[in-house]
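Novice: Listed in order, the protein sequences are those of chains A and B.
The first sequence begins at 0 in numbering that gives the first Met the number 0 and counts up one residue at a time.
The second sequence begins at 0 in numbering that gives the first Met the number 0 and counts up one residue at a time.
Do not rely on the hints blindly, as some may be mistaken.
Put simply, identical chains are the same to the list, so a pair is met inside one copy or across any two.
As the list claims (entries may be wrong) - Below, computed lysine-lysine pairings styled on DSS-like, alpha-carbon distance capped at 25 Å:
(1) 325 - 1
(2) 231 - 318
(3) 318 - 31
(4) 204 - 194
The hints are simulated quantities; they were obtained by calculation from the structure and are not laboratory data.
There are 2 protein chains.
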Amino acid sequence: MKKQIAKFTKPLYLESGRILEPYQIAYETYGKINKDASNVILICHALSGSAHAAGVYEGDRKAGWWDGLIGDGKVIDTEKYFVISTNVIGSCFGSTGPMDSDYPKQEPFRLRFPVLTIKDMIKAQKNLLSKLGIHHLHAIIGGSMGGMQALQFAVDYPNFADKIISLASTYATQPWAIGFNKVAIEAIRRDPRFKDGQYEKDTFKEDGLDGLAIGRIAGHISYLSPDSMNSKFGRNYVNNDGLFELFGRYEVERYMEYNTDNFSRIFDPLSYLYIVKAINTFNLSRGYDSLHEAILRIKAKVTLISFSSDYLFFPKEMKHIDDMMKRNGQNSDYYEIDSRYGHDAFLVELDKFSNIIKDKLNNKG
Amino acid sequence: MKKQIAKFTKPLYLESGRILEPYQIAYETYGKINKDASNVILICHALSGSAHAAGVYEGDRKAGWWDGLIGDGKVIDTEKYFVISTNVIGSCFGSTGPMDSDYPKQEPFRLRFPVLTIKDMIKAQKNLLSKLGIHHLHAIIGGSMGGMQALQFAVDYPNFADKIISLASTYATQPWAIGFNKVAIEAIRRDPRFKDGQYEKDTFKEDGLDGLAIGRIAGHISYLSPDSMNSKFGRNYVNNDGLFELFGRYEVERYMEYNTDNFSRIFDPLSYLYIVKAINTFNLSRGYDSLHEAILRIKAKVTLISFSSDYLFFPKEMKHIDDMMKRNGQNSDYYEIDSRYGHDAFLVELDKFSNIIKDKLNNKG
């Protein structure tokens, strides 16, 4: 695992018409590139992810977010493939985001940071790849927002990757998902400590922003499913004596508090707003005449993996892409994995889809 | 329509072991009671409802929340039936709630208000009926939390009502629904203007509590459905120029802001916390050996109406009650109404189930 930062001085022309300049991208690589650079796989992360997809940092207990898939001898085999994982621009884990300096000012961008889209994120990633001398990819793989990036790559740069594997994603974010994001947007905006974005860096390191924690609670509902909550928590109470206390908690409530309070100390609220905006505006058809025209551009072999209990991006949204591609005679495969883990299944039920990824990468699927 | 308040000086013994004394219940009646008091129907409201189920107040534009069903010549025909609709205790629309005086103190209860349960709510309603000389009901009808009350009535007082009609409800609140409520609980608690409940009455009349508005946004997600959001809003933008503005809004976002900001000026945040608590703790089996034992007590004819797109209380939860009753040889009917309006269908898709209610009330179903 190599952790690196790439700096860019040329302007990044954004979909909004604005410019990001300079900017930087944090990334990690695993494995070695082969002589003809034909073994490169790009991994794209989701809303709260980072470039740290695999391996364990010294002193850390937790491995990267897809460590179960990526590594020597694993499904995305780093003895065979050269894997690159980048942090999206707008995020707060090393790539340029709203709390970075608005060059040449010494002040952070804050709300002056330009709105970014999924198109912008992959454009930046492509610039990174160019800088590394990589002009073609064996595959692009990602789940959720990472799956959006993979699909957007397939549409915007049809000749760039041979294989696209998109999990738990969609062709355009639907109002249901925008609704969940709305909770976070309003909870952050209305939190007095957010100060319209005029907070100082590291303000929330010890005492996370409540608004972000609250938005994240809504997020966690959409990442789970009714069934997974039933089997994980049922109606169990943290403390049975607490049943008649107003703030006594069910186990599902404790889970949400625990995960979200931690998160609000780690993640920057402005980055959250900007990334959520990129998710909300995701629409493969934008910039093309129609969704059909956008999808018709795809030349890669596309694999779409959805999860039966995904309550954020429903299986039928992925199926819709597959149906269109099949009607067009394009190369696509669709899998609906039976899972009760909800949207989170792409992070936790690796066993259920890892063979699909393995076969696709090795041209066996 | 008659709007009244009934005051009680005898203690209400609560499920928690605590006592509410004195207390009052706001209620409305429609139609006339017949000689043998055999034509009485009780209507139970949902989380944000009030006793105002039908008719229009002078000067108001909006009718009661189930005005489409209740009235002269309507499905719940007030030329035939005497309809009573009460505001649940804990609420803020006339019945005793946390912002009322903690007698004999002159100060509101606030967080000293006792935790209430659905069992407590119906016990109070039964006391009101006794006071009015009503010892038997033709029917009890309610949706969502109102449907919980109807079912709890059937279990706790098996001989009290002939017919129970419960819509869009459940036998016990599942962690998925508790998760949505958690957003509201945390958003209210953590709002500095909530002041741990030490705010003064009418504080939020002009400038609603943000925490309540945010919690309500999460609520609105659960009241709608992915399909209803798609057809109502799609991916339409309020202002197309706003696509690349960070806080530019989709129509679904505007809908949520509009509805929730209004709500936060009308509804008391402490009442919201107490009612949400009652919903979370709802479990028909509590106090009995098992759900089976609880349901076995029911003597009424039970009608269970669910909605195919209800993403808050899923059809299978209602079906579960019907299955148990049928296995026991009890009198129950289950209907799953095909609707894309989600949980809200019980308030908006009246045409789709009004005939069922009519037939059941008139012994034709």
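Novice: The structure should be examined with respect to each hint, and the outcome stated for every one.
Specialist: We went through each hint and held it up to the structure:
no.	hint	result
1	325 - 1	neither (39 Å within a copy, 63 Å between copies)
2	231 - 318	between (28 Å within a copy, 22 Å between copies)
3	318 - 31	neither (35 Å within a copy, 56 Å between copies)
4	204 - 194	both (16 Å within a copy, 24 Å between copies)
The structure fails hints 1, 3 (numbered hints given earlier, in ascending order).
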